[in-house]
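Novice: Throw the hints in and build the complete structure from the sequences for me.
Each residue of the sequence shown is one higher than the one before, counting from 194 in my numbering.
Read the hints as simulated data drawn from the structure, not as lab findings.
With a Cα cut of at most 30 Å, we get these calculated BS3-like pairs of lysine-lysine:
(1) K343 x K219
(2) K299 x K216
(3) K328 x K227
(4) K285 x K331
(5) K271 x K299
(6) K299 x K331
(7) K255 x K244
(8) K216 x K244
(9) K343 x K353
(10) K299 x K219
(11) K252 x K214
(12) K331 x K282
(13) K343 x K295
(14) K328 x K229
(15) K219 x K331
(16) K285 x K271
(17) K219 x K271
(18) K219 x K285
(19) K255 x K216
(20) K343 x K271
(21) K343 x K227
(22) K271 x K227
(23) K343 x K285
(24) K229 x K219
(25) K252 x K229
Distance windows between CB atoms, simulated:
(26) K229 x V257: 22 to 30 Å
(27) L247 x F217: 18 to 26 Å
(28) M234 x K353: 35 to 43 Å
Ideal Cβ placement from N, Cα and C applies to all residues, glycine included.
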Amino acid sequence: MVLKKLKDNQEKLIGYIVCSKEKFNKEIIINRLKSKLPEYMIPSVFVNLDKMPLTTSGKINKAVLPIPQLTREELGTKYIAPRNEGEEKLVKIVEELLTIEKVGVKDNFFELGGHSLLATQFISRIREEFNTEIKLIKLFEEPTIEGVYKNIIVSLNEPKIERPTITKVSRDSRRVKKSDIS
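Specialist: Structure (structure tokens):
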């Protein structure tokens with residue numbers, strides 16, 4: 194696994210594997226990694242190579258490892274276009290955050306290359322665009338555009354809790370005057 198900078202200057206964890214095309218099964222690889230590694234260490238993209246490029250000293254030459262082009266086939270989901278204005282707004286936000294094109298409503302934010310820092314930016318953009326608050330954990334539980342939109346609808350329909358306003362009190366008003374003590 195290698196952390197590579199992509200053309201948009203974002204870093205993405207990429208898994209490079211050498212095996213035959215017939216034996217390459219992304220699902221099996223991910224399940225095996227999930228049993229050994231925390232979620233954030235699992236690559237979002239895998240590249241199957243004929244052989245690892247080596248330096249003259251016999252080490253893997255990370256500089257010449259190819260930068261993958263994420264295709265719909267690699268995502269494992271069929272493209273489903275946004276079905277309403279809310280989903281369109283979410284797709285636009287994700288496309289801007291991840292600098293990718295043609296995000297579908299069934300696409301997983303993290304499989305597209307999102308990570309926890311981008312997730313917080315996504316939640317912040319949702320707050321601005323939809324004028325509602327959804328918890329970050331909800332994005333991890335339902336990371337598709339469809340799932341996020343459902344959570345936004347739930348949040349918009351929840352009764353708003355009126356938070357008390359904070360009034361500024363000057364320090365002078367709380368001080369005890371010497372004349373009041375005696």
